[in-house]
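Sequence order for the protein chains is R and U. Residue 63 in numbering that gives the first Met the number 0 sits at position 64 of the first sequence, and the numbers go up by one each step. Residue 29 in numbering that gives the first Met the number 0 sits at position 30 of the second sequence, and the numbers go up by one each step.
Errors might be hidden in some of the hints.
[Said to hold, decoys possible] Per the computed footprint, the stretches of chain U lying under chain R, defined by three or more beta-carbons under 8 Å from a beta-carbon of chain R, are:
| hint | segment |
| --- | --- |
| 1 | 7-15 |
| 2 | 27-34 |
| 3 | 44-58 |
| 4 | 76-82 |
[Claimed, not checked] Calculated lysine-lysine pairs in the DSS-like style (CA-CA distance at most 27 Å, straight line):
| hint | chain 1 | residue 1 | chain 2 | residue 2 |
| --- | --- | --- | --- | --- |
| 5 | R | K41 | U | K5 |
| 6 | U | K5 | U | K93 |
| 7 | U | K8 | R | K58 |
| 8 | U | K8 | U | K93 |
| 9 | R | K58 | U | K93 |
| 10 | U | K5 | R | K32 |
| 11 | R | K31 | R | K41 |
Keep in mind the hints are simulated off the structure, nothing from the lab. Here a beta-carbon is modelled for each residue, glycine too, at the ideal position from N, C-alpha and C.
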Amino acid sequence: MHIMEGFLPAAHAIGWTVASAPIVAYSAWRVKKVVDENPSTKLLLASSGAFAFVLSALKLPSVTGSCSHPTGTGLGAVLFGPWVMPVMGTIVLLFQALLLAHGGITTLGANVFSMGIVGPFVSYFLYRAVRSSGGSLQLAVFLAAAFGDMATYCTTSVQLALAFPDPAGGVLGSAAKFLGIFAMTQVPLAIAEGLLTVIVMNILTRYSESELRSLNILDRGARA
Amino acid sequence: MTGILKNNKVLMALVAALVILPLALPIAGEFGGSDDQAEGVISEVAPGYEPWFSSIWEPPSGEIESLLFALQAALGSGVLCYYIGYRRGQARRKD
């Protein structure tokens with residue numbers, strides 16, 4: 000999903016960086032707050048970041064005959080709320096930009112915006128919506144992770160469309176082309192990401208009950 | 000639905016199927032990166048566009064690149080699995 004180095008015109012690259020930077024700074028403050036207020040969840044927070052690290056390293060084949068990778072940001076967004084994820088996403092994207100020539104420094108702001116901000120927020124709000132309308136934890140986590148993943152790739156498509164409008168169809172025409180690549184390829188991968196996130200959540204409900212209660216994922220008092 | 004979603008063995012089988020199916024089905028495609036396809040669209044709608052910045056460092060070969068991708072996955076799963084094993088051990092002790 001990463002927009003490659005140099006593949007956004009300078010004005011766009013700067014614009015997305017300016018948009019993302021304060022959010023990442025606030026996110027860093029929120030991560031510190033979570034760790035200070037609830038030190039027992041520190042390991043779980045690190046594990047949520049680690050989950051994003053693994054998943055975004057896995058380039059999986061899709062039915063479109065091309066490959067892409069999941070993002071893994073839904074788990075942390077559901078567990079700790081969306082504000083901890085911009086920092087996590089930035090760490091993953093920096094690793095890939097500096098060591099793998101995947102993504103880039105000039106496109107970091109845009110990529111953080113899609114993967115570290117839009118995806119996690121979509122995940123979080125979808126999770127809240129499904130839970131508050133009586134959906135099970137598993138269903139809520141599945142939908143949150145899968146649609147957060149899709150939202151990230153749709154954002155990337157729109158970012159590219161804004162930078163490269165189609166000469167005939169304009170931004171919309173161009174968006175359709177980028178969505179045709181990114182969103183189509185991503186559908187089965189988003190489902191896989193949803194399922195993998197549920198697998199981890201199932202393990203957590205078994206062995207990390209007290210943490211899930213303190214994070215209000217499980218009702219305080221009730222059995223899972 | 001929730002019944003299936005609570006069964007990790009079934010979920011793992013479904014994930015495996017999702018990954019294997021595209022390779023097993025007669026799909027036309029070289030399984031290259033979708034990023035590269037996007038690059039193709041860019042050169043189509045904006046033929047004159049030249050990337051104005053290139054990566055500071057690039058893995059010198061496909062082998063080194065796969066080494067670093069494997070490292071990324073190993074670091075991530077290492078931390079995650081350490082945590083799960085740690086909590087599992089704690090939960091067992093309590094029983």
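Cross-check of the supplied hints:
1. 7-15: holds (count 5)
2. 27-34: It holds: at least three residues are needed, and the segment 27-34 of chain U offers 8 whose Cβ sits within less than 8 Å of chain R.
3. 44-58: holds (count 12)
4. 76-82: Check passed, 5 qualifying residues.
5. K41/R with K5/U: holds (26 Å)
6. K5/U with K93/U: With a Cα-Cα distance of about 24 Å, the restraint between K5/U and K93/U holds, given a limit of 27 Å.
7. K8/U with K58/R: This hinted pair holds, its Cα atoms lying about 22 Å apart.
8. K8/U with K93/U: holds (26 Å)
9. K58/R with K93/U: Measuring from Cα to Cα gives roughly 39 Å; hence the hint is violated.
10. K5/U with K32/R: At roughly 32 Å apart (the allowed maximum being 27 Å), K32/R and K5/U break the hint.
11. K31/R with K41/R: Given pair K31/R, K41/R holds - Cα atoms ~10 Å apart, limit 27 Å.
Of the numbered hints stated above, those contradicted by the structure are hints 9, 10, listed in ascending order.
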